[in-house]
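Chemist: Construct the complete structure from the given sequences, taking the supplied hints into account.
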Amino acid sequence: MITEVGTKSLTLVQAVNDALRIMLKEREDVIVLGEDVGKNGGVFRATDGLLEEFGEQRVIDTPLSEAGFTGAAIGMALGGFRPVVEIQFLGFIYPAYEQIMTHAARMRSRTRGHFAVPLVIRAPYGAGVRAPEIHSDSTEALFTHMPGIKVVCPASPYDAKGLLIAAIEDPDPVLFLEPMRSYRAFREDVSEGKYTIEIGKGKKWREGDDVTVIAWGAMVPVAMKAAEEAEKKGIDADVIDLRTLYPLDKDIIAESVQKTGRAVIVQEAHATGGLANDILAVINDTSFFYQHAPVERVTGFDVPVPFFAYEDDYLPTPARVLRAIEKVMSF
Amino acid sequence: MELNFPIVQVLNEEGTIVQPEYRERITKPLTMTMYRHLIRTRTFDRKCVSLQRQGRIGTYVPYEGQEACQVGSALALRDGDWMFPTYRDHGAMMTFGRSLTTTLLYWKGRTEGCVPPEGKKIVPPSVPIATQLPQAAGAACAEKWKGTNNAVIVYFGDGATSEGDFHEGLNFASVFNAPVVFFNQNNQYAISVPITRQMKTKTIAQKALAYDIPGLRIDGNDVFAVYFHTAEALERARNGGGPTLIEAVTWRYGAHTTSDDPSRYRDQEESQKRRETTDPIKRVERFMQREGWWDEEWANQVQAEVDAEIEQAVAEMERYPKADASDMFDFVFAQPTWTIAEQKEAYLQWKRGMAR
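Order-wise, the sequence lines are chains A and B. Taken in order, the first sequence gives residues 0 to 330; the numbers are from numbering that gives the first Met the number 0. Taken in order, the second sequence gives residues 0 to 355; the numbers are from numbering that gives the first Met the number 0.
Since the hints were derived computationally from the structure, they do not count as laboratory data.
Calculated cross-link-like contacts (lysine to aspartate or glutamate; reagent style DMTMM-like; alpha-carbon spacing at most 25 Å): (1) K119(B) <-> D28(A); (2) K145(B) <-> E52(A); (3) K343(B) <-> D250(A).
Modeler: The following block contains the structure:
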């Protein structure tokens, strides 16, 4: 849905900024709020320049209170606005969990659609940038488990922009997870102007017939590196970027694993209760009899995301993914 | 500090006006309206306790004793205002326009009970404690930014002041000078825990000082004090004066819910004593008697009309078609996700098969 031609080369965080600017310009009901989003332009500069362009009625520095401003944003959404809230790091979202779980995610359901909460919660997530403790969580499964909210997680600048615009236009709450490790890791040509990417649709980063590698967010580049290494060994991998974590793109998963008969799921988060298990369930439900090998999961461990001195050991690496690929190929 | 926040009355326990500046505004028609709403909310509450005992509704949260708080504050609202209630504030919700049938459906476990009448911004009751306060602050900001004159009222109890969301809501509202009235019903118990275990402060109103907003302590069993002071706070909010914290001191006669037994944690003789001395309805009766406005026949007629309205609502609630399982799937998102659509179809298909 590209409305203008012309592209510019952007990082992921610049693409987020571009999406916010476009939506603030297009819709008067869009407001951006959170800690340091105004004058400071956000701790990652995701909201850089927006206060200057749109003023403090639209780009709002709030008190330092995740439950308070998320709750207030629910009230603003009820009152006709489309708030885009920034949680500085996903590891700080927990005070707001109750507001999201108990109110934002079930307002429509408990009022039979009379009230809705078109709220977007943006949160940088993930490890790998040597951040202080608690700044590196990837607890997406706490939210994919939560009925009534969609969870989106782009891996690239182009997708970040189109998905964020789609999230803002969505009539229901959306948690928008931004892989902070990928914020400035690479650039991509991004269409100028407004376009959306449908929530609930994954995409292929690579086509291959031997094995399916499924990843999202910061794990997509890891999966790609592993796939490139595998190719040198004559293994051709399909690499799927889920892009949306709830609702999952069942079709792209089923199509691929029915073709390859082998799957590896790469998840940054802890293993138990993680999204990889739901993906496994999708494979089981749609494609069990096509499988030549048990599905492998490459995940973080069931330990708190460690201090950064240990994060290289915690995070899935291309080498670990490659090992899993070779394992499923051995059947 | 207690002395700085005395309990303000307009009508004292004997039914005498103690703030003469309100004398002229306490007209006979206004008093009759108040009385009717007080009787209606109390009768409804007693009916619900009885319906729960008979198994005709689920667990019920009674508010008997707190009617003046709820009626007085709700009558102070205008049509465009927002109401953010708790699960104990259906007296306020019904006074503001939510139907009795809708209220009964809520206690019958039906989502129809959360749908307000068209045009009335009554948010469904908050069941977790104090979470509605930041939301109310945000809704108030929304009205202010849209340039309307609408204000917001948000209800909460004494226990809620111990929650972080109490602070976050008041702080947010005061920073943004949001048009919201924080209406506290201090009934002095959070289930079994008395207020002395919630706070060291002697008043809740004094907490307003921390947010640099007006704080007021009123007699929550005085419907006129509640009505006039809430109306003044709302007016100030509409005119850019920002939020107000009102502490309405009251007492619930009965249990926290129909599932608990208050005699385990407090002496119920206190409730009996209060029924005779500080009851919100009795003092209006005493006042009307003093004014020569009391008419037994009229009072009987009010009671009869209220009884008939409640009976009709109960009948309507009980006539409602059986809850449809589709409903729990259909309203989660504007468009159901594939997981919900698949689960719904599979379940309903199985259920139809079982019914055969």
